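Asks: With the hints as constraints, model all of the structure from the sequences given.
Top to bottom, those sequences are chains A and B.
Here our numbering is used: the first residue of the first sequence is 1, the next is one more, and so on.
Here our numbering is used: the first residue of the second sequence is 1, the next is one more, and so on.
Honestly, I wouldn't trust all of these hints.
Unchecked claim - With a cut-off of at most 20 Å between alpha-carbon atoms, the simulated PhoX-like pairs for lysine-lysine come out as follows:
(1) B:Lys252 - A:Lys79
(2) A:Lys215 - A:Lys42
(3) B:Lys252 - A:Lys83
(4) B:Lys148 - B:Lys252
(5) A:Lys42 - A:Lys83
(6) B:Lys176 - A:Lys19
(7) A:Lys19 - A:Lys83
(8) B:Lys212 - B:Lys176
(9) A:Lys106 - A:Lys166
Source of the hints: derived by calculation from the structure; they are not laboratory data.
For clarity, every value in this text was computed on a predicted model and none was experimentally measured.
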Amino acid sequence: MKSQENTQTQTSITTMTTKLDLYKLHKAEYLAPREPVLVRTKPAQYLAIAGQGAPGGPRFTACIGALYGAAFTIKMTRKFAGKGDYAVCKLEGQWFFDGQPDTTSKEAWKWELMIRTPDFISQNDLKTAVATLLKRGKSREIEEVTLETIAEGVCVQMLHVGPYEKECETIALMRTFAQANGLKLSGPHHEIYLSDPRRVPPDRLKTILRQPTVKQKS
Amino acid sequence: MNAQAKETTLRFYKERLLCVLVHIQEHLDEPLPLELLGRLACLSPHHFHHVFTGMLGESLGCHVRRLRLERAAWRLKLSQTPVVQIAFEAGYETHEAFSRAFRKAFGLSPVQFRRRNGVSSRIQIPSGVHYQDRRRLRDFRAAQIEDKSMNVTIKILKPMRVAFMRHVGPYNQVGKTWEQFTMLLGKDGRLGAGPQFIGICHDDPAVTPPDKIRYDACITVDQNFRACGEIGLQRIPGGPYAVLTHFGPYEKLGGSYAKLLGQWLPRSGRRLRATPCLEIYLNSPENTEPEDLITDIHAPLET
Chain A
1 MKSQENTQTQ TSITTMTTKL DLYKLHKAEY LAPREPVLVR TKPAQYLAIA GQGAPGGPRF
61 TACIGALYGA AFTIKMTRKF AGKGDYAVCK LEGQWFFDGQ PDTTSKEAWK WELMIRTPDF
121 ISQNDLKTAV ATLLKRGKSR EIEEVTLETI AEGVCVQMLH VGPYEKECET IALMRTFAQA
181 NGLKLSGPHH EIYLSDPRRV PPDRLKTILR QPTVKQKS
Chain B
1 MNAQAKETTL RFYKERLLCV LVHIQEHLDE PLPLELLGRL ACLSPHHFHH VFTGMLGESL
61 GCHVRRLRLE RAAWRLKLSQ TPVVQIAFEA GYETHEAFSR AFRKAFGLSP VQFRRRNGVS
121 SRIQIPSGVH YQDRRRLRDF RAAQIEDKSM NVTIKILKPM RVAFMRHVGP YNQVGKTWEQ
181 FTMLLGKDGR LGAGPQFIGI CHDDPAVTPP DKIRYDACIT VDQNFRACGE IGLQRIPGGP
241 YAVLTHFGPY EKLGGSYAKL LGQWLPRSGR RLRATPCLEI YLNSPENTEP EDLITDIHAP
301 LET
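Replies: So this is what it looks like as structure tokens:
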């Protein structure tokens, strides 16, 4: 709780330490204008867990729990050992659809949930964290978390504001933009969740949409 | 909740604050410790300050300073007492500091004010509470709910078992305690998507000296957790809580507390329970811009 009177002398909890923030470090890869743009992404390491099922369903929720469990345990174990600190990034997801998503059978949707993680995090760090979490009695999903590098190359990217159901309109803009630049959308559709859907009303949800591309055949 | 019950609640809180306001008027030259004023209002100190700020539309400190300035204006007008003496009586150590504050409030220097007739010795305030020379204060206008869209919900919380680390010191350094605390719990695999992050502020940064502020950083834990070293274990009481979501930086939480406890509560028909308020943090300052931070303020209510 803070008083308004004391603001000059008090700084926020947020500014206590300067720690590695991958989104700030790779600022150019996280451009999020309201119009489509091209971004050139470098291969990046993620903690990830793949699954199938409706967003918000039990499997989806359990996977989010496992992913965050791994992310925090790895970070804090390193920090405790004096190996430095970094910010845990936002949740991201890749969605694997053949053509348009079938909204009538969300149970069949396939996805991979991801959290971008610094390159210095090793498979061994993950292994240690998984062991710690299993010892704590966490669910078996934790064993499915992987550490992988994803290379997306040149992508079309823009900010989507509003409910997830309306993303198709934004994606249509991105497709047109890609075509105008001699590109074709390819690879899994990638979302970076800037807002928490449990708290932010649907029409104010902010999501970065990223779509890898290939050169259009002439 | 019917209109009569709401009316009774408003009267209940107004009467409590009126006792305090009368005491302040009669003891303007004495120290006015929060504990004493809270006791007069039959409210715990951590609730009292917010109820006061919200209902009166100014903090306790501002209220006392304003009344002392109004009294000074009154004395300038009706007595021959030297300005320096009046400044001293108003709690200012130097004539300059007094003049600055006086000019800010009345738009005139103390000397100009003394010479000019017809200038009110009152500083406008919605509560209508002004320095009363011998008359006893009988009533005041409680602030209305200014934000009509303010969305307060009543939630019944189950008791929560939490690990906690006590921070004693300036509020702006609670971040250090959180860093240490989350590191110790996190390395043991106790953080993830499930555990809730809760803050309990036992004192108010606006009125408690910075080195004396007590704040508990809390994280919910399971039955197997045992207190160890600097990390204690406590049970946060369950029951009904009034919940207001605060959007934005932590620096501005005080304003939301005042709205909840000083504007909503007196008109709600509900009464406060004497346990501390809770702050439940819904996102992390580590990867969220200050304006996007979301905090649920929980004020404990009687059943």
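Asks: Now look at each hint and say whether the structure bears it out.
Replies: Hints, one by one, checked against the model:
Between the alpha carbons of B:Lys252 and A:Lys79 the distance comes to roughly 30 Å, so the proposed pair goes past 20 Å and is violated. For the given pair, A:Lys215 sits about 18 Å from A:Lys42 by alpha-carbon distance, which is consistent with the 20 Å threshold. About 34 Å separates the Cα atoms of B:Lys252 and A:Lys83, which puts this hinted pair outside 20 Å; it is violated. A hinted pair counts as satisfied when its Cα atoms are at most 20 Å apart, and B:Lys148 with B:Lys252 qualifies at roughly 19 Å.
Between A:Lys42 and A:Lys83 the CA atoms are separated by roughly 25 Å; this puts the pair beyond 20 Å, and the hint is violated. Between B:Lys176 and A:Lys19, the direct Cα distance comes to roughly 13 Å. Compliance with the 20 Å bound is thereby established for this hinted pair. Pair hint A:Lys19 plus A:Lys83 holds up; C-alpha atoms about 12 Å apart against a cutoff of 20 Å. Using a Cα cut-off of 20 Å, the hinted pair B:Lys212 and B:Lys176 holds, with the two alpha carbons roughly 16 Å apart.
At most 20 Å may separate the alpha-carbon atoms for a hinted pair to count; A:Lys106 and A:Lys166 meet this at roughly 15 Å.
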